[in-house]
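Build out the structure end to end from the sequences listed, making use of the hints.
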Amino acid sequence: MATYNVVFILLMVLLILTYYAYTIDLGNAYGISWNLVVALIIAVIKAAMVLMIFMHVRLNPKIVWVFALSSFLWLILMIAGFENDHVARGLDGTYAHDTFTSEAAAMVQAQ
Amino acid sequence: MASIPYIPSYTRRETYLNAAYSIKSWLLTKDHKRIAVLYILSITFFFFIGGAAAVMMRLNLMTPKGDLVLAETYNKLFTTHGVMMVFFFLLPSIPATLGNFLVPLMIGARDLAFPRVNLLSWYLYVIGGAIAGSALIAGGVDTGWTFYEPYSSTYANGWVATTIVGIFIAGFSSITTGLNFIVTIHKMRAPGMTWFRMPLFLWAHYATGLIMILGTPVVALTLSLVMLERIFHIGVFDPSIGGDPVLFQHMFWFYSHPAVYIMILPSMGVVSEIIACFTRKQIVGYHFVAFSSVAIAVLGFLVWGHHMFVAGQSIYEGMIFSLISYLVAIPSAIKVFNWTATMYKGAVDLRTPMLYALGFIGLFTLGGLTGLFLATLGTDMHLHDTYFVIAHFHYVMVGGAVMGYMGGIHFWWPKITGRMYPEWWGRFAALVIFVGFNLTFFPQFFLGYLGLPRRYHAYPPEFQVLNVMSTAGASIMGVGYILPLFYLIWSLKWGAIAGDNPWNAAGLEWTTTSPPPPDNFAKVPIVTEEPYYYRRLDAEAAAHAAAAAK
Amino acid sequence: MDKSFELFPPHASAMSWSVDWLLLYMTVITVFFTVLIFLAIVYCGLKYRARPGHLAVDFHAPMSLEIIWSVIPLLMCLVMFWWGTRLFISANRPPAGAMKVYVIGKQWMWKIQHPEGRKEINMLHVPVGRPVWLIMASQDVIHDFGLPAFRIKRDVIPGQFSEEWFTADHVGEYHLFCDQYCGAQHAEMIGTVVVMEEKDYERWLAGSVGDEPMRQSGEKLFTEYNCLSCHGSWAPTMAGLYMSHVKLSDGRTVLADDAYLRRSILDPGADIVDGYQANSTVLMPTFRGTLTEEQIDQIIEYIKSLGAAANFGQPSYQPVPSGGSNTEMRKPGAGNAPPITRDPNQTVE
Amino acid sequence: MSDAHSITAPPAAHGDSAHAHHDPDVPHQFDDLDQKNLTDTLGMWTFLATEVLFFGAIFAALMLYRSMYTEAFVEASKHLVVGIGLFNTFVLLASSYTVVLTVHAAKKGDNKQIMVWLAATSLLGLTFLGMKVVEYHKDFQENLVPHTADFGISAEVQKDFDNERDLLPTHPELWQQALAASKWKVPTDRAHAGDAKLLMQHAQLFYVFYYTMTLIHALHMVIGLGIFAFLMYRASRGAYTARAHAQIEICGLYWHFVDIVWIFLFPLLYLIR
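Residue numbers (this note's numbering), protein chains in the order written: chain C, 1 to 111; chain B, 112 to 661; chain W, 662 to 1010; chain U, 1011 to 1283.
If you are wondering where the hints come from, they were derived from the structure by calculation, not from laboratory data. Every residue, glycine too, gets a C-beta built ideally from N, C-alpha and C. A few of these clues could be false.
[Said to hold, decoys possible] Derived coverage of chain B by chain U (criterion: at least 3 residues anywhere in the stretch with Cβ under 8 Å from a Cβ of chain U; other residues may be distant):
#	segment
1	293-299
2	322-336
3	353-366
[To be verified] Computed beta-carbon distance windows for the label pairs:
#	chain 1	residue 1	chain 2	residue 2	range
4	B	ASP178	W	LYS708	47 to 53 Å
5	B	ASN129	U	LEU1229	41 to 47 Å
6	C	VAL87	U	LEU1043	49 to 55 Å
Structure follows, in structure tokens:
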């Protein structure tokens, strides 16, 4: 019971922390906003606490651990696939959203 | 086998079939065996709808101008064919029928873990099928089964949203089935049934279940986004507000590539059982075949991009997906080699199921190898979206998945119905299907190499010869698929009484009576040995014969 | 382009050969393994067939064997990967100084514009031996610019550019296919790549067309620009059009004189014939800039040659019913909405 | 199970039939309660794995577009009220906590407490949905809606834009007016027609995600509330004992999952900068 109370209070603290991290600008690195990174890290911590203590994964046999985590692993694979394609398209120029409006619109109009 | 005289016992045993006769006892049953039978009936229905569409297409393609139907009708036909066959036949084909029937029997359980959920999955399937089917037949949809954006959301005519609703619902039937299999195989195994005493059929279905629960939700969400865009015009993929149609393809294939493993893996499981039984041997390299199923399921999730090499995906991503696609080819190769090696020094009995299994191995080999052409960047940029893709896909799906399904149906027919199918007709139909199939799809490899794009309602005249060959084959294959429909129904009444174990086969499902009693086993079986103990069975049979001779 | 049956697509570029060599390598592997497996099955099926007194023998493939038949295919695959990837990259890297040609995919035609300003539809004229760099965009759905004779294709995606390039090394006419399903007339979205000698190409760019009767060159243009694919089937026929009275959708009735024909070619939206929508995709594109004045006159001459209206006086033709023709298309008022519009009450559901 | 049992009389010849136990808490396919409970838990986890991928797919799409159109997404997200999001997050976390208390009560088989805590949870859930409705209302008033969100770019300019979409690059002056009138904080050096148009469209893309994701999440909550109502009904019949209460735990898992989804939704939709 005590654990639950502690966890709940911790969640509240993290929630406030989330907002605080939002109010200050942490700047960017390689086009990735640190605010996003921090916000996601905090979110992951919150989620982990809910998973482990509230959802009792901690107390369950290993197989439940596997089930609970494998889906997130799959999700990461998917996101990695999408993002990698986006970045790579930027690199090898198969990707032209920005140039489209001007040049292509001119093409379309020329018809 | 033939060497064992079977003495039928005429004492009336209670079976899952004669336990109750009311309609209610079928429609509200929680017995996995009855649900399997319901599934068999419903997927057969959808199979013949999709098949009819295919026949119409092939007939239309006999002439370069495509004189039989209008262009739009043709587009609706191949959409009907694709949607019906993929979502309503191939996906549930083996898992929902043979899997539903056999998974509990093979692990020695009384039922699946969640019988109610199992029944729910059948209802979801039927409702989804009814919605999609009515949409496809009433209005028709001309997007193709891939629903590519932005055509499907903005430009297509027809009942796209309705069809998607149907597929969405049927998707959850697939999820619930997979969920049931995974949990059942984890928790319901009979005492002594360790993981490596499980028949390969179960390994295959476990892997299939993984794909079903991890892949299906993605396509469910993706298609519902398409539906939103079509109805409310708020589009995640809508290029006119900066949406990326290629992202749709990413999300679609993230499920739809693994989905082809949902179709082929259970078939591989079936083939493993049949090969073992009709060579009277253990499967060579049991562990390799078992793990290759899981490997295919896992790696299969990492190759979706090979459908998009020339679709605007980046070159680098293409290289990654190409490489992993080869890796997923290796487990398949391992399976094929092990099956073939199993025949070596076996006692090969060419019964109908065995014919289908051997057909599977040969056609799957060709289908798999031609898949490499499409996984190779350099050749895919020529073959992509041509008839080569169609030929490859059908070699794997029809030559693979459907062959396995037919083989499985014949192999377990005595267990399901308690009757034998007519052997001669069985072999004849198998032969007709094999010939018709190859005549239909082999020419399409050349059509594709010559550059004829898929989904063409009319084509330049120089492609006519090959198209006519293909159409001829299709008609033969059609006959081949109608034959079993008749003789299997015939066998229900006039087929020979099968007895509990007509093949003298290994595996728990053969230790119970056939048809099995409602609770599958009189007492909980206790497993004490590896699967495929055919050597022991044959030794006992020989002893029997000797005793009988005295 | 009516060829007799053939088993190999034409080779029109160096790339087409290198792709075919790779295909050959893979075909050899495929045939080898398929035959191997089939023979093994037949051999075992006969030699070890079940018969009285013949018992099977269990055995396990030695680990070495399992490894061998996993690793050898893997190595073959890696060769394919390395080879195919190199091809693909080179097919995606246009050489410096390639001539840019702009392509726009649209349901259901290819609009092509040359750097010098010459435009064409469903035809691509290129000089032999000069690398051609196609810059492609789509106006509506995803199309795919496929050139089997050059062994390349690339999806054309709305909202993005796609590129592909090739260097033709044989004069001739080759297929141009739309490989990505794009709607009702997908199969009609095909055309021809005409590879010409450099000087013929220059002449073609200049738009000059030998010294033949105007009517005849007009007829050539009429087929070259695929006019018949519509005006042969569902769109107004040209036969008997000249000097007839045409009823327009806005109620006016005009006399189909030279001026009218010219206006309709340059500005099809101006006078919509009764029963056709102005906003539909299947509306005829403008040929302003596509055709030279000279060519317009030639086409008009051709249309005249198709005969003047038999029945002076009353408003003339309706669209010809097109029976089972595969260019059948939703006719106005046939209950079918035009395919392209975001109007919500257009979708059938 | 009743009709299942009616058709499962074992052949008398075989003596003991393995399903012959008559424990009302254990369906016939299970051997004992432990097997049933663990199976049910595993089943729910498998279902949650499905749900993770269901939400995950659209999360992945959001992440992709966010990295494509960061500027527009930041702008668009600024128009949402962080306060409401913050409050709702608090409400959901609290409801998770009450669910934990429910399960704790269930372990003691105390149906009264179960009902109390379930009621509290449902109340919090309803609060969340209520706030969401308020927020949607506000969004619509500010016209933060896909396809119509114009950010103060006047209707005439919109019309010109629609008519002359293709002339865009050649008519920047239209868009200079648009920018003058609009709420966009576009840096002057980027104050170009094409950019303004893109920003507007990509912002609309953001709202597509905002509505789709929050609505799917809200739908899951509604389902959860329905389940809780059912559980309360059963608890009022005293259905749960210290021995058999797996149902509560499993539905609790579902609610926690919905909570976790929001934990990620909140920063990704409201806190972009």
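Do the hints match the structure? See the list:
Proximity of the segment 293-299 of chain B to chain U, defined as three or more residues with a beta carbon under 8 Å from a beta carbon of that chain, is established by the 5 residues found. For the segment 322-336 of chain B, the stated coverage by chain U is satisfied: 10 residues place a CB nearer than 8 Å to a CB of that chain, which reaches the threshold of 3. Against chain U, the segment 353-366 of chain B contributes 6 residues with a C-beta closer than 8 Å to a partner C-beta. That satisfies the three-residue criterion, and the hint holds. Evaluation of the 47 to 53 Å hint for ASP178 of chain B and LYS708 of chain W yields a pass: the beta carbon distance comes to about 51 Å.
The hinted window of 41 to 47 Å between ASN129 of chain B and LEU1229 of chain U holds, with their beta carbons roughly 44 Å apart. Checked against the given bound of 49 to 55 Å, the beta carbons of VAL87 of chain C and LEU1043 of chain U, roughly 52 Å apart, stay inside it.
Of the numbered hints listed earlier, not one is contradicted by the structure.
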